[in-house]
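Chemist: Spelled out, the chains give:
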Amino acid sequence: MKSNFIYVIYILWLRQIKRYFRSRARMIGSLGQPILFLVALGYGLGPTFAKAGGGNYIQFLAPGVIAMGILFTAVFSGIEVIWDRQFGFLKETLVAPVSRFSVMLGRTLGGATVAMLQGVIVLIISLFIGFHPTLTLIPAAILFMLGIAIVFTALGTGIASVLEDMQGFQLIMNFVVMPIFFLSGALFPLEGIIGNVAKFNPLTYGIDGLRYTLTGVSSIFGGVWFDALILAIVSIVFLIIGARLFKKIQV
Amino acid sequence: MSTAISVKNLTKSFGKFTAVNDVSFEVEAGTTFAFLGPNGAGKTTTIKMLTTLVDPTAGSIVVNGFDPTKDALKVRKSFGIVFQDPSLDDELTAYENMFFHAGLYGVPRKDTPARIKEMLEFVELWDRRDSLVKTFSGGMKRRLEIARGLLHTPAVLFLDEPTVGLDPQTRNHIWEYIKKLNKDRGLTVFFTTHYMDEVERIADKVAIIDHGKMIANDTAANIIAKAGTQTLEEAFIKLTGHTIRADEATAADAFRKMAAMHQGKNRR
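Chain order of the listed sequences is A and B. So my numbering is basically just the index in the first sequence, starting at one, shifted up by 6. So my numbering is basically just the index in the second sequence, starting at one, shifted up by 1110.
Chain B with its partners taken away, still in its complex shape:
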């Protein structure tokens, strides 16, 4: 089996604060990999480094055979991403959002309409293709983001808390799509979440990081067995402790609050 993501001794410091501290792991191609940790553990920083948005302080990364610090554009072409916060244009239709994505990723123009149709049908949004995204529910937006992230046929899909704020029905629905893609096309899936039941059901491998350090990297069953607990949630709490993390609020959090007031009625 080949390796989709390989991370060696990865470190990222912001001034005196070390967000990610000497982390190493590998993700095999065609597998699903859950990247867990309490708030502020370094998950998002790691994803940003893997996806070329932030440069590491030390260590090496290879994504689909390319180094994000040297071949940023090639790495970007090879993955799709669904961010924690929405990144759709609300004033455009579902189809237009897809169309613009195809243009940015250099999808051949003659293939674009068929590709868009295929992906929108896959997430069951083809009927709503001409509706403005601002009329969509939270779950529909997520599905559209997944369809868009896959439009340029990436080898790896990054999902940063894709199911946060969604009801169980929608969550199940979304994981069904993702599992199907993983099975049928061999898509490598790298995701973060706080829902441990999702991890037990979906993930082939689980990594847990805390305070920037890797504290577990195994299958869910092995982690549970080693911790001597009943569920992954119990194992997670046993490994990371009971303290609630004092997350420093950033500008992004303040923004999220504003957006929640703004769009709260649409999040279902």
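Chain A on its own, in the form it takes in the complex:
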């Protein structure tokens, strides 16, 4: 039974990965937004940012945009549960003789892996737009990407578990995902009121850790280990809450 638990998680993880590599259109489509942000904001606001004494804007912006790519892919892969339970493989997994927890965990880890890969691709693209990361801490940066990915895939899965249909999707984008993105220090340094609000946003810590590991800019809150700790705690909490909500899904 125990080995079966792991195998079920593996199978559901594998399914997400296979789907990702198969739908090139979606992969490329979801890269459009981060590239646009990098080019338009990077080149557009770069001179202003430098004049204000902020230094090289692309160096500041790239980690934020990498996190954005992960955030959107992760939330979306969680939200897919809504569609999937009516017209997809999810219903098949819900009548299978396996625990709901293993289903949720496998699916979420698969979605998170995909989101992390998306982040890595954005990182590679940003190199061509003028981003110069320090290479020594890249493995640590990838761990931060995975952390962000797990937090927000679990969040998306939790939200999808309580939504009845796709009508609520726009609501989630505008009132949850966009605020998380804009109030995270992805696009600008955190100061004043926004800085205080951002302290309650898990993405803030993900981006701060990512920025430190990629560019060496010291973090504004408790430092990179604190970032890692917060991200780890939040991902475990979100996984538990997500799994609880997922258990209650009615087909």
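Worth flagging that the hints you see were computed from the coordinates, not collected in a lab. By construction, the Cβ of each residue, glycine as well, lies at the ideal position given by its N, Cα and C atoms. Any given hint might turn out to be false.
Dumping the calculated DSSO-like pairs for lysine-lysine here, alpha-carbon to alpha-carbon at most 30 angstroms [unchecked claim]:
hint: 1; chain 1: B; residue 1: K1227; chain 2: B; residue 2: K1244
hint: 2; chain 1: B; residue 1: K1187; chain 2: A; residue 2: K254
hint: 3; chain 1: B; residue 1: K1323; chain 2: A; residue 2: K254
hint: 4; chain 1: B; residue 1: K1126; chain 2: A; residue 2: K254
hint: 5; chain 1: B; residue 1: K1118; chain 2: B; residue 2: K1315
hint: 6; chain 1: A; residue 1: K24; chain 2: B; residue 2: K1126
hint: 7; chain 1: A; residue 1: K24; chain 2: B; residue 2: K1244
hint: 8; chain 1: A; residue 1: K24; chain 2: B; residue 2: K1187
hint: 9; chain 1: B; residue 1: K1348; chain 2: A; residue 2: K24
hint: 10; chain 1: A; residue 1: K253; chain 2: B; residue 2: K1244
hint: 11; chain 1: B; residue 1: K1315; chain 2: B; residue 2: K1289
hint: 12; chain 1: B; residue 1: K1118; chain 2: B; residue 2: K1348
hint: 13; chain 1: B; residue 1: K1126; chain 2: B; residue 2: K1180
hint: 14; chain 1: B; residue 1: K1180; chain 2: A; residue 2: K253
hint: 15; chain 1: B; residue 1: K1315; chain 2: B; residue 2: K1184
hint: 16; chain 1: B; residue 1: K1289; chain 2: B; residue 2: K1348
hint: 17; chain 1: B; residue 1: K1187; chain 2: A; residue 2: K253
hint: 18; chain 1: A; residue 1: K254; chain 2: B; residue 2: K1184
hint: 19; chain 1: A; residue 1: K253; chain 2: B; residue 2: K1126
hint: 20; chain 1: B; residue 1: K1184; chain 2: A; residue 2: K253
hint: 21; chain 1: B; residue 1: K1118; chain 2: A; residue 2: K253
hint: 22; chain 1: A; residue 1: K254; chain 2: B; residue 2: K1118
hint: 23; chain 1: B; residue 1: K1289; chain 2: B; residue 2: K1187
hint: 24; chain 1: A; residue 1: K254; chain 2: B; residue 2: K1180
Covered by chain A, according to a simulated footprint, are these stretches of chain B (three or more residues, beta-carbon under 8 angstroms) [unchecked claim]:
hint: 25; stretch: 1212 to 1222
hint: 26; stretch: 1272 to 1279
Computed spacing ranges between beta-carbons, pair by pair [claimed, not checked]:
hint: 27; chain 1: B; residue 1: N1149; chain 2: A; residue 2: L169; range: 47 to 55 angstroms
hint: 28; chain 1: A; residue 1: K253; chain 2: B; residue 2: K1227; range: 29 to 37 angstroms
hint: 29; chain 1: A; residue 1: L169; chain 2: B; residue 2: K1184; range: 41 to 49 angstroms
hint: 30; chain 1: B; residue 1: S1247; chain 2: A; residue 2: L42; range: 34 to 42 angstroms
Mind docking chain B on chain A? Use the hints.
Modeler: Relative to the frame of chain A, chain B by itself:
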């Protein structure tokens, strides 16, 4: 003969609405059982209770010797199901869909390839095993779902409107497979449908429910004789009345509409 499904005084209420009201019936192992009723009569709710997806408000259920509310995992291992809406992964191949099912149901890994081959050959999809499911027609998808539902050698197969939206050729084809399984392997088949001709041809026993209550439970011939009609369709209408049911649209219906637009071209 042993009993595959036994239901006693089954009731399910959602708030003040009683979807299934004091229903009792038995399905003998190795038989085909048609579960009929107008839209909203309580068919799908009953299937959900039998298949562990919804807990009953009152009454008892035994499926293959286990109680779905207590031994959910054992019950789940013992049946296969084809849902009303597709539940395949379109982005995976036919083989991969089968392979993942085998993994979820704990089919021994060394037996899995042979088992998949046998079932895909049975529904004549072995040649298409490496095609993505999204390239399949509606009938092919149904056949694949049946093959998948049988992969873990269940004792009972549930089919919720398996032939809806399919042309007569495909419908015949699908029932041929199911009849063959019933004859050769003694598979118990529990199905719902709105096509009465299918019921007359296939079902050993027929149950009709309406407004959550069981109103007939007999062979098709006896139901027709009792109602004094020519066909089962006439008997069905005589028993359940002419009124068209005002089904409340649910989120699932809205979804179905979207999916129909999406996949309509593939449903044949």
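Chemist: Against the structure, test the hints numbered earlier, and report the numbers of the ones violated in rising order.
Modeler: Violated hints (numbers, rising): 6, 9, 26, 27, 29; every other hint is consistent with the structure.
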